[in-house]
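Visitor: Okay, here's what each chain looks like letter by letter:
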Amino acid sequence: MSTDQLTGPDAEPAAPSPARSAGGRPRSGRARRPRSLQARRSGAFYVFVGPWILGFLGLTAYPLGYALWLSFTNSDGLSPNARFVGLANYREVFTDPDTLASLARTGLFAAITVPLTIVAGLILAVLINQPIRGRGVFRTLLYLPAVVPPVGAALTFKLIFDRDSGSANGVLDLLGINGIAWLGDPYARYVLIMLTVWGCGNVMIISLAGLQDVPRELLDAARVDGASQWQSFSRIILPLLSPVLFFQLVTQLIMTLQTFVPLLISLDPSPKGVGAIPESNYLIMIDVFAQYFANGRYGYASALLWVLFLFIMLITLLVFRLSKGAVFYSVDPEQTKPKTRTIGDK
Amino acid sequence: MSDSARASLDRRRFLAASAGAAFTAAALPGCAASVDSGSGSGGSGKTLTVMTLVDEWDAKTKKNIEKMLDVTLRIVTYDVTKLNAMLASKNPPDVVRGIGAMDAPYFAARGLMTDLDPYFAKSDVLKASDLAAANDVWRYDGEKQGSGPRYGLAKDYSQDSMFWYRTDLFEEAGLELPSETEPLSMDEWLDLGERLTKRRLGKVKVYGLSATSLGLFSQLMSWTASAGGSLFADDMATVDFSSPEALKALQWYIDYAKADIGPSIVNPNPDGWDGPTYQANRMAMSCNGYWFGGVIGGDAKLAEVSRFAPAPQLGSHRVSPCFSGTGFWMPKDAKNKEAAWRLFEWYFAGQPAKDRAGSGWGLPSLNSLRSMIPKESAFQKQAYQVQEQDTPYFSVLPVSPYAQVDALVGILSKVLPDAIKSGTKAGKVADTLNSRMNEQLARGKELLG
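Chains as they are written, first to last, in this note's numbering: chain A, 1 to 346; chain B, 1001 to 1449.
In short, the hints are calculated from the structure, not lab data.
Virtual Cβ for every residue (Gly too), placed ideally from N, Cα, C.
Some hints here could point you the wrong way.
[Claimed, not checked] The calculated label-pair distances, taken between Cβ atoms and stated as ranges, are: (1) G107(A) to T1167(B): 50 to 58 Å; (2) K1062(B) to G136(A): 40 to 48 Å; (3) E1066(B) to N178(A): 56 to 64 Å; (4) L1175(B) to R91(A): 29 to 37 Å; (5) S1422(B) to G107(A): 21 to 29 Å.
[Said to hold, decoys possible] Among the chain B residues that face chain A by a calculated CB cut under 10 Å, a handful are: (6) V1076; (7) L1369; (8) Q1404.
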């Protein structure tokens, strides 16, 4: 925005400055400059952006830079003889079969759970958007898993799926079926997927908000034109909901690629217990945690984190690229000034 | 300069200043450490930072400590990741909870611990001559654990290869009770475990034996030692699972895990430890030291049917080591060492030590408090007698300073489950363990120089 724009017709009239008398003459030879609109706007900019900038620099940029530096060393954080090792850690990331396997496992986990979570959340949102009795109760109950602390949820799942005393095997026992070692390989991955999808309440709430934003008149018009419920859903609701679903796809993807839940459902969520996590749940963040705090390989773990960071960026860019044409924006955010809405507008 | 140009410049300056401020803020802890890095000359008016369990002391005790030591007590909840960060920034707590048997060589070799010998020399309360032998797990001479300067003290200890058993489950199975004086052989122990296990539809309803509740790596060290060998080479820079003694220990564990008679690396205990399972009548034998009597003593019915037994042996070299020796140590960069030592004196020799000695939750770390071990009930008398007979067989099993034991445990956890399920021969498993653990140890050795 140019200065002209700021001082144009939209600009507020300058307030009388304490440095000026009411008649507009300076009180003395060294009068203070009037505080212009631009100065005030600049002040507001600093006040609002300052805490974020400081937080970003101190809590994101600095740690990222520090981790980048660490990733070129063999530091264990405590020993005196750490040295620069160049790209050795990065070479190891791409040649270590354990790391590559955990990266592949993480990709597979995301490929399964992200669509499942979004579809489950959407289905639940559609269901609780219906005018049924006790709708509020259902909304609350279905959202509850999302507010249960992950540690509590993990503990509950551990108890349910224990081989010898868990209720899942108790049910199988009633049916005369042999118990399953759910928390060991290869079943542990299914428990992890169940636990992740179980917490789809957040997706549900966001989808519900999107559903309630679909203009009623469009659905009425479709019904008048003889559209079936499925046609209304697939040709009106889904396209209008696509920005919301796309947002969820991106955020869920980023979150899932960094998931730490396997550590929570392990028996000893500490550096000591990290090795006991079943291989099928040994995702990349678990490997990072183990390398940092069990193996003391700060340099290598930092290289892993940077590779993961770049991997997530790449995947996100890819998703953005692939989504072109699949996401329908009713308003182009880059060209059109959005219409001002007030609460209660439909 | 136009207004817009000035505003733009201001923003740039502002962003640059923000960056500077952030970096300065990040550097401040380091500066703070260098300003006050000397050992405090007296605790008066200072803060004493203790990293320990969140419920180590109640509010009243904390106030008493503050009054007694004339300090402000700051408790930092124990978290190894936080500890590493504090040590790395040279801004550590004054006192840290730790596991002597596992932690001492690693931290001492990196010069992160305070040598406590000068403090013992001038103390009227804590005398090195009064320390139980188990405190030697906190010693490190620069090459090996077990001798040299003392870097910490155990609050109490146990000989962790001994085991507890339930007489009611033995009687139900029609089995003779283990001897109170002669240790079982490992084969006898495994056989008993198999006979005591109860199953239904692929599930174990009652575990016959929990053999490694305080850590598989430590137990493998203990069993190898009882067979006359050692997992670590003399220079502590390599492990050797292929020696006949270590291979025997490894094979025993593989047989145990395959037999599925108790919690193992393939089927861990969902309770995380043996206490609840043993109490619930779902475990016949639990390999835990004297401290486990604290769990049992809290339940009169359980105490009536529980007995203690000597550490089973894999060979003829009778050993009964301690795997933890949990206590406190003082980081080298601690800022209030005098107050920290006075806390040591109170905690390890004062009323808290006496209370612990009489509680049955572990053996006292001072010989002078040994008379306070509870001996009132039949269960306590039996446990005390068995303990007294096993005490002479205590020895420190040194761990390497080149890797944290957690890292070696992690390798065991990665290699063993597949090997057990696929029926890989113990020799091949040993080769894999040697290769991976020695790689880890070599990295640590390079860093230590």
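Visitor: Which earlier hints can't be squared with this structure?
Guide: Structure breaks hints 4, 6, 7.
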